[in-house]
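Participant: What follows is each chain in one-letter form.
Protein chains: 4
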Amino acid sequence: MKLHALFLNCTLKSSSEVSNTQALIDKVAALLAELDVESETIRVTDHKVAFGVSSDEGEGDEWPTILERVNACDILVIAMPIWFGVRSSVAQLVMERLDGTYAEGDEVTGQYPLYGKVGGVIVTGNEDGAHDCCATTLFNLTHLGCMVPPNVDCYWVGDAGPGPSYIEAGGDKHLYTNRTARYMANNLVWGAMALRANPIGTNLKVLDAEARAVSR
Amino acid sequence: MKLHALFLNCTLKSSSEVSNTQALIDKVAALLAELDVESETIRVTDHKVAFGVSSDEGEGDEWPTILERVNACDILVIAMPIWFGVRSSVAQLVMERLDGTYAEGDEVTGQYPLYGKVGGVIVTGNEDGAHDCCATTLFNLTHLGCMVPPNVDCYWVGDAGPGPSYIEAGGDKHLYTNRTARYMANNLVWGAMALRANPIGTNLKVLDAEARAVSR
Amino acid sequence: MKLHALFLNCTLKSSSEVSNTQALIDKVAALLAELDVESETIRVTDHKVAFGVSSDEGEGDEWPTILERVNACDILVIAMPIWFGVRSSVAQLVMERLDGTYAEGDEVTGQYPLYGKVGGVIVTGNEDGAHDCCATTLFNLTHLGCMVPPNVDCYWVGDAGPGPSYIEAGGDKHLYTNRTARYMANNLVWGAMALRANPIGTNLKVLDAEARAVSR
Amino acid sequence: MKLHALFLNCTLKSSSEVSNTQALIDKVAALLAELDVESETIRVTDHKVAFGVSSDEGEGDEWPTILERVNACDILVIAMPIWFGVRSSVAQLVMERLDGTYAEGDEVTGQYPLYGKVGGVIVTGNEDGAHDCCATTLFNLTHLGCMVPPNVDCYWVGDAGPGPSYIEAGGDKHLYTNRTARYMANNLVWGAMALRANPIGTNLKVLDAEARAVSR
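Protein chains in written order, with the working numbering: chain A, 1 to 216; chain B, 1 to 216; chain C, 1 to 216; chain D, 1 to 216.
One should not assume that every hint holds.
It does not matter which identical chain is used: a pair holds within one copy or between any two.
Said to hold, decoys possible - EDC-like, lysine to aspartate or glutamate: derived pairs with alpha carbons at most 16 Å apart: (1) K48 <-> D61; (2) K13 <-> D56; (3) K2 <-> E38; (4) K173 <-> D26.
Hints listed in this document are in silico derivations from the structure and should not be mistaken for laboratory results.
If we strip away everything but chain A, and leave its shape as in the complex, we get (with noise of 0.2 Å):
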């Protein structure tokens, strides 16, 4: 069966205005066509996504569907602009929604949904603030339960202060991006094929039976 990769749009726009995060995704998205991997991308402002931490925040709240394809893909991606050095909000609001998945692991083995993913992270700015993305991102990623290969970020920015975005400023030329594009799709690739052939065997429920046994 083929691969499937999910991009999570985190942009502040909605998909009547053009998003350089997107350009970015589409690249990434490309490359992963070329490995044979088929990529879905749902822009999260397009939907209306209630502030909360669970899987479901009742009426009108449009994340049990965005849910439901992550929890279908092999390979999650958050994409997201950079504000003030940082995530973007609508970055945020995703990961505090994933929160809810801790609560819905598997019945035996207690491993969250999103084990048996592999996570990836494309960021664009117009400047700083990138490593801090993907790095806090990366890492909400590892606790949800993805496992992360190595070179799976994928950033653009521009030099210090205000200035061209990536597709203004020809981010598409950038060597690095592109390099880190390909580093990205490969590795990730490689990731979720090694999970189909090692699924992660550890069964949380019963090391968190050892755990409380010898702790108050």
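Since chain A is already given, all that's left is putting chains B, C and D on it; use the hints.
Facilitator: Just chains B, C and D now, with coordinates in the frame of chain A:
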């Protein structure tokens, strides 16, 4: 061949003093031993490690002997105390010195020396800052080539403000820390075995050439 | 004229639910009242605030009414819960919307609207992440024009891992939080009075012109 | 009496090598000189500074002589390169050593030695990470007692990925950096003068006693 884990203890204290971080390392190492992994710890401050970003900063620099141990391990765990909300200066020094490995990629694949290893992190502090230490350090490790399985961070912190440290506070009996120590040990072993069974095939040199062809 | 403090409560919950962050806001507001400062709190989620980086995102956007209150205060405190180790999406949303104020500088001095105000921060969380929330938010506030006196952060977090929140845990009696609440209240008042007595004279427009003359 | 500024250059390099961070320090110091402030720079790596969190780590430790200069200044600027997206190990070492000052509060007011000083920050790096360095460092300085005026950070970074540093890249002509250097110099001077005119009256000892009375 047995898996080999290396813990770099980045406490500010030399071995003549008790290290809270070491106490938590010992716990994780014992869990790894149960999983048939042999462990080794280096207290970085016991060695004269020069400031710098190369793998050998010349006369008197003892980093090269530490780097040899890094290159020999399957599982690399950076262990550190929190100071001022972030990782210790010694932990930062270690990461800076690992920068030198970027230049030591495999001649054929270009993969950096840390490719093929799994990374994890241990953090202790009186109070706040563990997430920042974990996120920054695990992200750095993926940049250097490590694969990061889910839930491979283990930390202990007390509540807001100054207070007793891990040992004095009886952190040994803290459920969350004991639980995550088990998750960490098991998932590190899974990751190391998965890497043995499925070595990362990505050729960074080929991808780099491809990127150059489409960049300015 | 009395000093006026504005607290923006960036909890994810609407006013129908109890907010731990509000409990800590109330404590600091009471201390400010003793110092003859009148306080006002806005629960941001009670308003329809659009995603974006301008001061008015058009129809239905209720940010402009909040911004009016921001512009009217002497002391601005961003109060927030921690989620996934960093500030809540609502806090990030608030900062993004404040980005619009950069474009609304004084005609003569170029000073942004937040010049002449003091900034502070309140954080609550079950466990780790307060330092990151404080650092990011206070730094953002200085960029926007606020002055930050010493010790104007007040937070409560429990020890490592999930656990009770501020109210349930009896954080009300936590010495460190009670001490820093007092430092914060007193230093915010000092800062606001110092700003009244010594308005910042810096002319950003003149400096900008000087910088242009020596730059490319 | 003239205002006195102290720059702590936290480059990894000793004075025998050219420091990009120093180049940016020199620019800000020249702007301060125009405002009648005298400046002094200490290259921290030129001194044997021990790891630790007290103000004197014993034999051979040269921190005490640096601390004397810290205690004598009106304006304290921590200047640093970025490594792995965060502040250099030397900058972190400096903050750790300043931890010792918490224990050296005024006998009557309890104010720490850095009360009454203004803090600022200078950052250089090839690419990303300046916001994180600034936020962490300025927040730490407020904890230690410094007041932070608006816009007292000055940084230069290039675009995404490895590349030339400040000097080689002609950062000297970068508008954003030149603009913020001017904002920083002027606002630091405003802050130092405001502190002279309006010393912080907060009595930490009294507030601490009040807090104890209502805490467990």
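Participant: Decide, hint by hint, whether the structure agrees.
Facilitator: Verification of the hints:
no., hint, verdict
1, K48 <-> D61, "both (6 Å within a copy, 15 Å between copies)"
2, K13 <-> D56, "between (23 Å within a copy, 14 Å between copies)"
3, K2 <-> E38, "within (7 Å within a copy, 38 Å between copies)"
4, K173 <-> D26, "within (14 Å within a copy, 35 Å between copies)"
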